[in-house]
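Asks: Single-letter residue listing:
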Amino acid sequence: MSQHIFRDYDNAIQHLQEDLLTMATLTRQNLEQAMQALLRGDTDLANTVIAADSDVDELERKVDQIGMEILVRFHPVATDLRLIITSMKISTNLERISDHAVGIAKRARKINQGQPMQEVQWLEPLYAQAYALLRDAMDSYTNHDSVLGQALHEKDRELDRLHKQLTRSLSSQLELANGRSAAWLHLIFIARSLERIGDLSVNIGEETVFLESAINIRHEYRKQPPENQPPSP
Amino acid sequence: MSPEASDKIEVRNLHFCYGLTCALKDLTFDIPQRQVTAFIGPSGCGKSTLLRCFNRMNDEIPGARVSSGSIHIGGVDIQHRSVDVVKLRREVGMVFQKSNPFPRSIFDNVAFGLQLHRGTNRSLLNQAVEEALISAALWDEVKDRLHESALALSGGQQQRLCIARSLAVKPSIILMDEPCSALDPIATAKVEDLIRTLRQQFTIIIVTHSMQQAARVSDLTAFFHLGELIEFSPTLKLFSNPAHKLTEAYLRGTFG
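Protein chains in written order, with numbering that gives the first Met the number 0: chain A, 0 to 232; chain B, 0 to 255.
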């Protein structure tokens, strides 16, 4: 992006983006560690995630504060205005994703208190798809890639399909009531969190499309056939 | 007062009158050094009058006077009869609404105050002029035409030349009375960027009718109304959460 004559403006935007990217890195790390806590039965890792969430919360506050300061001081217009608004919205989505990671970590901790369950591995494909969605969402923002941002809808459809399939399997196990119904319920809720992380990542992709091309595609994709092309910038 | 001394400005119970008309009423506040302080408020609120009190420019207006109270700069009561007004104005420089270069060369404009205050050692003069023009972010644009007329510069360059002229005599405080009101947006951005850079070395007070400009350049903002100081706060606080309903009304444009 070209520079402003008024350098304070550029400095403030740079701080905002740096904090947002740090927030994204921490959020991805929290999700990775929460799922490893579940898949490897590592309760210490679960505790680490729960403690680390406050850093993400603090960064969300900081992004909001810098965003508001920029709105107050510099009255951004055009690309700058879209950048500030989308960055603040993306930070809200990242904070929610981190909250889901904490929820996963807490449920992993409870599951780990019982006998090891091989079936926790059933969640791995769902996690891989949710993680890929989050990674692509932030890549689309970082690389100004609105095509990638819009392509998340297709990945989310696949995530939804995997989620439905897994929920059916987990519900069947729950109905068997083999004495670990609480653990099966935890796994159902973890699957639900991963599905929500996909939705929140899609939101980030949509914000990126708006940032790059000023086209608002929210709430549109479910009405359109999957082969729709992304808008040209 | 010396450049090393504190240049904090302390205003205490200040009343100022033009004849029988009171323009400033019981002002008490401190302006910290090495920061940008903006004065905002509707026309006639007294912000320019107060600005001119700081280097006693109002002395030139018949009937205008500080009727009570005081202004101390660096601990010195500037109203005291022992104060040398010429020296005060060297410490407290001023940039006006309309750029006012002398009809002489760019070099002479910057050197003028120096020659007046410090004599004419040529090499020192050359160095001081260069430093002032660099500080005013104008050197790169004029270094090859220092001896051309200042009147050939654009409006924005002329205003930065006037800032360089103020800086050359090494003041500790710079007063700016709507310095960008005659400039286009690009020239305004250059002057605003310069103001933010200069705050590392100087105490800057800017009177502006542009609330956006106050928000962009200042660290602190004072809002005046009918000669009274209504609110004086950090700029972000004043613009995002003003404490006084009159400030909020003025900022939101629901005033009156």
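It is possible that some hints are incorrect.
As the list claims (entries may be wrong) - In silico DSS-like pairs for lysine-lysine, Cα to Cα no more than 30 Å straight-line: (1) A:LYS105 - A:LYS88; (2) A:LYS163 - A:LYS109; (3) A:LYS61 - A:LYS88; (4) A:LYS61 - B:LYS244; (5) A:LYS61 - B:LYS236; (6) B:LYS169 - B:LYS244; (7) A:LYS88 - B:LYS236.
No wet-lab data here; the hints were simulated from the structure. These figures come from a predicted structure and were not determined experimentally.
Asks: Tell me the numbers of any earlier hints that the structure contravenes, in ascending order.
Replies: 6
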